[in-house]
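**Q** Listed below are the residues making up each chain.
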Amino acid sequence: EPEVTQTPSHQVTQMGQEVILRCVPISNHLYFYWYRQILGQKVEFLVSFYNNEISEKSEIFDDQFSVERPDGSNFTLKIRSTKLEDSAMYFCASSGGLGGSNTGELFFGEGSRLTVL
Amino acid sequence: QKEVEQNSGPLSVPEGAIASLNCTYSDRGSQSFFWYRQYSGKSPELIMSIYSNGDKEDGRFTAQLNKASQYVSLLIRDSQPSDSATYLCAVNRRDDKIIFGKGTRLHILP
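Protein chains in written order, with the numbering used here: chain S, 16 to 132; chain P, 1069 to 1178.
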């Protein structure tokens, strides 16, 4: 069964360091997302990506965040200068299209746990 | 006003009974609606999607949508201990920004 894969599963970093989280979405999906979930809190939307550009982003997704699809398979989230409050589980998700529209049915990876010290 | 609202629970339901989970949303133009299940420490897993008013059934799960009331619900029939999890309501606004509620913790009592 097709699945979304994420690496690393856990990353520990020092405050101020750059972090890159990687995702391989389901191969025939067209819409890609990053969410984060701080421990015990809700799943928060960060950014959506379609047709090689950002389609929507949240207030959380400020200038320290960026996304990229460097090739036909990978989708990355970069955090330029990490802060303590960036510690969270980061989920990548993808969805397919139907009749030219986004089904909105998200398939999530297992997540990358980021710990900022 | 929160975009997607759910009671946080916990909701305790005896095994074999019907669990009823509710969700309201604020953007009247929202187009599609989803229920996800999230076990502790795991990623969300899609259970149901619903796009038009009325009921949609899939096995033991029934999703109900009322756009006029901006209300979505999920019924779980014949609840099993394995249904114990947090259930997340998600709403796809017109702009493809899919927003999640905080989730309702469901506990099925054996």
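What the hints contain is simulated information worked out from the structure, not anything from laboratory work.
On a predicted model such as this, the values are computed, not experimentally measured, just so you know.
Positions of the beta carbon are idealized from the N, C-alpha and C atoms, including for glycine.
Keep in mind that the hints are not guaranteed to be accurate.
As the list claims (entries may be wrong) - Which chain S residues face chain P? A few, computed with CB under 7 Å, are given here:
(1) 58
(2) 60
(3) 63
(4) 70
(5) 74
(6) 76
(7) 106
(8) 115
(9) 117
(10) 119
(11) 125
(12) 128
**Q** Decide, hint by hint, whether the structure agrees.
**A** So, going through the hints one by one against the coordinates:
no.	hint	verdict
1	58	holds, 4 Å
2	60	holds, 6 Å
3	63	holds, 6 Å
4	70	holds, 6 Å
5	74	violated, 12 Å
6	76	violated, 11 Å
7	106	holds, 6 Å
8	115	violated, 13 Å
9	117	holds, 5 Å
10	119	holds, 4 Å
11	125	holds, 6 Å
12	128	violated, 10 Å
Of the numbered hints given earlier, the model fails hints 5, 6, 8 and 12; all others are met.
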